[in-house]
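Student: The task is simple: from the sequences and hints, build the whole structure.
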Amino acid sequence: MKTCLIVDDSAVIRKVARRIFETMNFKVGEAEDGEKALTACGETMPDAILLDWNMPTMDGYDFLRALRKAPGGEKPKVLFCTTENDVGAIARALHAGADEYIMKPFDRDIVTAKLAQVGFHGEADAA
Amino acid sequence: MTELEFDFLRSYLKTRSGLALSAEKRYLIESRLGPVCRRFNLAGLGALVTALKGSRDLALERAVVEAMTTNETFFFRDRTPFDLFRDVLLPEAMARRATQRRLRIWCAAASTGQEPYSLAMMLQDAAARLAGWHVDLVATDLSTEVLEKAKAGLYSHFEVQRGLPVQSLIKHFEQTGEQWRISASLRQMVDYRPLNLLHPFDALGTFDIIYCRNVLIYFDAPTKGDVLARLSASLAPDGALLLGAAETVIGLTEKLVPNAQHRGLYVQAPAAARAPAVRVLPGLPATDPGLRRVVGL
Chain A
1 MKTCLIVDDS AVIRKVARRI FETMNFKVGE AEDGEKALTA CGETMPDAIL LDWNMPTMDG
61 YDFLRALRKA PGGEKPKVLF CTTENDVGAI ARALHAGADE YIMKPFDRDI VTAKLAQVGF
121 HGEADAA
Chain B
1 MTELEFDFLR SYLKTRSGLA LSAEKRYLIE SRLGPVCRRF NLAGLGALVT ALKGSRDLAL
61 ERAVVEAMTT NETFFFRDRT PFDLFRDVLL PEAMARRATQ RRLRIWCAAA STGQEPYSLA
121 MMLQDAAARL AGWHVDLVAT DLSTEVLEKA KAGLYSHFEV QRGLPVQSLI KHFEQTGEQW
181 RISASLRQMV DYRPLNLLHP FDALGTFDII YCRNVLIYFD APTKGDVLAR LSASLAPDGA
241 LLLGAAETVI GLTEKLVPNA QHRGLYVQAP AAARAPAVRV LPGLPATDPG LRRVVGL
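In order, the protein sequence lines correspond to chains A and B. For the first sequence, my numbering begins at 1 and goes up steadily by one. For the second sequence, my numbering begins at 1 and goes up steadily by one.
Source of the hints: derived by calculation from the structure; they are not laboratory data. Among the clues, some could well be false.
[Unchecked claim] Distance condition first, Cα-Cα at most 20 Å in a straight line; then the derived SDA-like pairs of lysine to any residue:
| hint | chain 1 | residue 1 | chain 2 | residue 2 |
| --- | --- | --- | --- | --- |
| 1 | A | K104 | B | E174 |
| 2 | A | K104 | B | H157 |
| 3 | A | K75 | A | G42 |
| 4 | B | K171 | A | D99 |
| 5 | B | K14 | B | T2 |
| 6 | A | K104 | B | A43 |
| 7 | A | K104 | B | Y218 |
| 8 | B | K171 | A | E35 |
| 9 | A | K104 | B | R162 |
| 10 | A | K75 | A | M45 |
| 11 | A | K104 | B | D202 |
| 12 | B | K149 | B | W133 |
| 13 | B | K255 | B | P237 |
| 14 | B | K171 | A | A89 |
| 15 | B | K14 | B | S55 |
| 16 | A | K77 | A | E35 |
| 17 | A | K36 | A | T23 |
| 18 | B | K171 | B | N196 |
| 19 | A | K77 | A | H95 |
| 20 | A | K75 | A | R65 |
| 21 | B | K255 | B | P270 |
| 22 | B | K25 | B | Y218 |
| 23 | A | K104 | B | D220 |
| 24 | B | K53 | B | N41 |
| 25 | B | K171 | A | A91 |
| 26 | B | K171 | A | L94 |
| 27 | B | K171 | A | R92 |
| 28 | B | K171 | A | D86 |
| 29 | A | K104 | B | S156 |
| 30 | A | K77 | B | P165 |
| 31 | A | K104 | B | G177 |
| 32 | A | K77 | B | A271 |
[Claimed, not checked] Derived list of chain B stretches under chain A, where covered just means 3 residues or more per stretch with a C-beta under 8 Å from a C-beta of chain A:
| hint | region |
| --- | --- |
| 33 | 129-139 |
| 34 | 167-178 |
C-beta: ideal position from N, C-alpha, C; glycine also.
Tutor: As structure tokens, then:
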């Protein structure tokens, strides 16, 4: 089963995102900031990461830079998911190693489309 | 709405836009035409029918037809037809037109522009190879309202996140407030024109590649057959026609056949394709099953 780590300091966002990923047959883990996410990735590297930008302790941008330097850290597909939606922020995120970028607010269609963009094609091939 | 009124609207829409509504689609008429009644200060669908029968109010006629069209679309919808364009159709058409250096492409149900702009982005990515070429990208739709949106090239936060890779977003769009506007260079590549597929379209000329996706599904079989036959007439002998995933030519026209390798791709039936095939390989009989592969599709 594919695994996904949802990194967001909002419990509501984590809950909404979890529901979407679970219907796409992902096994979902959660982290509420970049530091906890890095610890989680040190234990098991997920296949995909949905990543908020602004979080306490360690933000999404710093997490991503640390992740890409960590052993095995190049493997997960990272989808930034943030209210930071100006072109400059998107370019910075891509430069730091993000695979896709979701501007909040998002819905199921957007997440599904963005996951397809990075090679996860929904329920059909999940079995 | 009485049965008579429902029957009138069904046949009215069938004549005007080809829309074939089955008896259980009553709800669709009620939900889509209710707002039109309010906009034109008509008490209800009964009053609407009376108005449509009474006199020719072009604004009302257009509003009724346009309200009943489905405009759902998104960038690179279904992905495969666009990968096919980039990897197969465009390179092969360029090889065949190397002398003329001219390509003509038509999006026959362009809706709000996502399909023609997806093709335009791919053409722009191939700009180096297309230097010195003349490429016509014609995009038509029945609805003038959606064409206005297409020409403006302004898309919501949600529209640009369905199907469009983020790299393409930052490369081809600029943010204007809450919306994203596609670049002027892409807007200039597309020639938008209003067109009802039920009416003659031979004046548009002949095309090398036609995208006509997710519009035939709304027509009944005779209308599908008629539109497909005329699409065949507007398609170059070695041209390519792309239909939607739920559409086919089988049982509807003899003039087009599915391509064996690529789902959704249709080419001229061997008889229609005979002339250029014979020119390519004079020894081959026109009915040879390998012919289409030889011709390049």
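Student: List in ascending order the numbers of the hints, as given earlier, that are violated by the structure.
Tutor: When the structure is compared with the hints, numbers 6, 7, 8, 11, 12, 17, 18, 23, 32 and 33 turn out to be violated.
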